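Trainee: Each chain is listed here by its residues.
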Amino acid sequence: MADCILVVAEHREGKLNRASFETIAGAQAISKETGWAVEVVVVGEGLDAVIAELATKIVSRVYAIEAAALAAYTSDAYVYALKNFVSTKQPKLVLFPHTYQVRDFAPRLALALDRTLISDAIGYKFESGKLLFSRQMFQGKFAADVSFAGDPPWLVTFQIGAFRGDLAEPGSAPTEKVTAAVAEGAPRVTPHEVFQEAKQAVDLSQAAIIIAVGRGIKEQKNVAIAENLAAALGGELAASRPICDNGWLPLERQVGSSGQTVAPKLYIAIGISGAIQHIVGMKGARTIVAINKDAEAPIFEIADIGVVGNLFDIVPALTAEIVKVKAGT
Amino acid sequence: MKILVCIKQVPQKDAPLKLNEAGTWIREDVSYEVNEPDAYALEEALRQKEKHGGEVVVITAGPTRSQQVLREALAKGADRAIHLEDDRFGALESTNTARAIAAAIEGEKFDLVVTGLQSDDYGAAQTGVLLAEILGWPHATIIIGIEKTDSGVHLKRELEAGHYQFIDMPLPAVLTIQSGINKLRYATLIGIKQAKMKPMRKVSYGEVEAKLSKNLQRIERLYVPVKQKKTEMLEGTPPEVAKKLVEHLRNTVRVI
Ligand SMILES: Cc1cc2nc3c(=O)[nH]c(=O)nc-3n(C[C@H](O)[C@H](O)[C@H](O)COP(=O)(O)OP(=O)(O)OC[C@H]3O[C@@H](n4cnc5c(N)ncnc54)[C@H](O)[C@@H]3O)c2cc1C
Chain A
1 MADCILVVAE
11 HREGKLNRAS
21 FETIAGAQAI
31 SKETGWAVEV
41 VVVGEGLDAV
51 IAELATKIVS
61 RVYAIEAAAL
71 AAYTSDAYVY
81 ALKNFVSTKQ
91 PKLVLFPHTY
101 QVRDFAPRLA
111 LALDRTLISD
121 AIGYKFESGK
131 LLFSRQMFQG
141 KFAADVSFAG
151 DPPWLVTFQI
161 GAFRGDLAEP
171 GSAPTEKVTA
181 AVAEGAPRVT
191 PHEVFQEAKQ
201 AVDLSQAAII
211 IAVGRGIKEQ
221 KNVAIAENLA
231 AALGGELAAS
241 RPICDNGWLP
251 LERQVGSSGQ
261 TVAPKLYIAI
271 GISGAIQHIV
281 GMKGARTIVA
291 INKDAEAPIF
301 EIADIGVVGN
311 LFDIVPALTA
321 EIVKVKAGT
Chain B
1 MKILVCIKQV
11 PQKDAPLKLN
21 EAGTWIREDV
31 SYEVNEPDAY
41 ALEEALRQKE
51 KHGGEVVVIT
61 AGPTRSQQVL
71 REALAKGADR
81 AIHLEDDRFG
91 ALESTNTARA
101 IAAAIEGEKF
111 DLVVTGLQSD
121 DYGAAQTGVL
131 LAEILGWPHA
141 TIIIGIEKTD
151 SGVHLKRELE
161 AGHYQFIDMP
171 LPAVLTIQSG
181 INKLRYATLI
191 GIKQAKMKPM
201 RKVSYGEVEA
211 KLSKNLQRIE
221 RLYVPVKQKK
231 TEMLEGTPPE
241 VAKKLVEHLR
251 NTVRVI
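Residue numbers (our numbering), protein chains in the order written: chain A, 1 to 329; chain B, 1 to 256.
The reader is advised that the hints may include incorrect statements.
[To be verified] For lysine-lysine, the following DSBU-like pairs were computed, each having C-alpha atoms within a straight-line distance of at most 30 Å:
(1) A:293 / B:2
(2) A:283 / B:214
(3) A:283 / B:229
(4) B:13 / A:283
(5) B:49 / B:229
(6) B:49 / A:293
(7) A:324 / B:2
(8) A:326 / B:193
(9) B:243 / A:326
(10) A:125 / B:18
(11) A:265 / B:202
(12) B:229 / A:293
(13) A:218 / B:214
(14) B:244 / A:293
(15) A:83 / B:156
(16) A:130 / B:156
(17) A:293 / B:196
(18) B:244 / B:2
No lab work stands behind these hints: they were computed from the structure. The structure displayed is predicted, hence computed values, not measured ones.
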């Protein structure tokens, strides 16, 4: 069997998760260096539309592993079906997007295969015939190049945004349906419907100016400092997750992977370190200003304008200056 | 319910981190604290015990200094602690950490194991899930609500972008806990005093070594990330910086 890279694509209720294309783009890039063919697999039930969509990229084949037991996601059923498929196929690499669902089952799949998983990689390197995967460490303060020390299949999840899904090369691939291996006996886990909490009152996705505050604000009463700046600029107030976890601002003002995705003209990040889960929610902003006392904070990696310093000095000075300029004095 | 809480000691959030000379890890002379999601896992375990009775046991794998996070957990109300104590535990990949924990709790009958959803240092987000595979138990990740039922637990899982899902599963099970699931308590003075009397079982590397295998992944090098974007850094006193920034907001960003 020819060497191959297997991409495990993701869908929810028959709707393809776009992050799957990012992983395909990553696989295509690795394929160019290694010569390994790219194949795609998706697990579930009634996947015709999903595999048709996946087959519009340059890959050798798209598989649908189907069974009624896979209609709703459970880690048990996914691990069982994929373990069977991967151990028969013996790909060199198995790549996944680092989604919530993949986080839930991929480590277990790796161990069931007696292998290891490098999780949340942001890229790869191919150095003298050896594949290395780069990943963030210490919440983005460092990066590491990690290698596999054992035999393939090697399992890797790619961080959302690590590759550009729109750059996955178009093509036309054959599709194939595979009957899934299903464990005997009753399932252990009962999943219920996926839902969204009541409609949010604040829609940050439409805001032109966002002032976002992070844990650097220290105390709830200090949030007013950011509020004043937002008022002076006519912007919306937003926050990183810990601020909402603490109840200092409502959840609907949280920006990031588990909150809202925003794309304002101006995003001012105040006392926010720039963890990836925050960045995925705001990196589409036209201009990013970061105010942080730590010159090494990862937020400066994506900021257009940076200020290293104490927010308690800088933000009030900025608010005062804006008020002054707006008043035309 | 008898609950095991897996916790990890990680560098403090604000600690300035430096690379070691070999460029393989950070220099260890920094201050440490409990991994934040693990603190929420502990809090949740304590709340479940307060509701349903039982016992809360905390475990960590790491060098002598990591005993501090166990002491703090005992002070907050955990009943006893297990310390897999050895520098070598820090160099294990998630699979072996999970194996070491499984070996250390052999013979104990837990109803529930909870861990934080990932660590602030390595961030692999795997140990809890792997522990479930080793124990042969069901598991669920990124949990933001736990309700005990007659047949097991009713759980609220966080999904991406404001989506959620309820799932039911039997016990015993392993759950990885998301930050914000509850409000953290502080240790009381009495708690801190009582913690000193609570049992702490030490498990040596030798006792679990037979259960471990070769690490299947290796950190080749650690480095400061290469900057992707050109950032214009503004310098000066706060009023000077404010002036420069307002000029930008006016002339280039055009929001004033
Ligand atoms: C599954 C999952 C989902 C998540 N979803 C989200 C999400 O949707 N949104 C989100 O934001 N996070 C999310 N997170 C959490 C994320 O990983 C980070 O923990 C979080 O973003 C950190 O918030 P922060 O930057 O405010 O706090 P910290 O990381 O603690 O950073 C605080 C910053 O403030 C600076 N600072 C401190 N004092 C001052 C001062 N006086 N002046 C200036 N600067 C100062 C510090 O230097 C530091 O950089 C998620 C995590 C996981 C695992």
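Trainee: Against each hint, give a clear statement of whether it holds in the structure.
Mentor: Evaluation of the provided hints:
1. A:293 / B:2: This hinted pair is violated, its Cα atoms lying about 43 Å apart.
2. A:283 / B:214: violated, 39 Å
3. A:283 / B:229: holds, 12 Å
4. B:13 / A:283: Holds - the C-alpha atoms of residue 283 of chain A and residue 13 of chain B are around 23 Å apart, at most 30 Å.
5. B:49 / B:229: This hinted pair is violated, its Cα atoms lying about 49 Å apart.
6. B:49 / A:293: violated, 41 Å
7. A:324 / B:2: Violated - the C-alpha atoms of residue 2 of chain B and residue 324 of chain A are around 61 Å apart, more than 30 Å.
8. A:326 / B:193: Violated: residue 326 of chain A and residue 193 of chain B sit about 58 Å apart, past 30 Å.
9. B:243 / A:326: holds, 13 Å
10. A:125 / B:18: holds, 24 Å
11. A:265 / B:202: Violated, at roughly 56 Å.
12. B:229 / A:293: With a Cα-Cα distance of about 19 Å, the restraint between residue 229 of chain B and residue 293 of chain A holds, given a limit of 30 Å.
13. A:218 / B:214: Distance of about 43 Å is beyond 30 Å: violated.
14. B:244 / A:293: holds, 18 Å
15. A:83 / B:156: holds, 27 Å
16. A:130 / B:156: The hint is violated at about 41 Å.
17. A:293 / B:196: violated, 38 Å
18. B:244 / B:2: violated, 59 Å
Consistency with the previously given hints fails for numbers 1, 2, 5, 6, 7, 8, 11, 13, 16, 17 and 18, ordered from lowest to highest.
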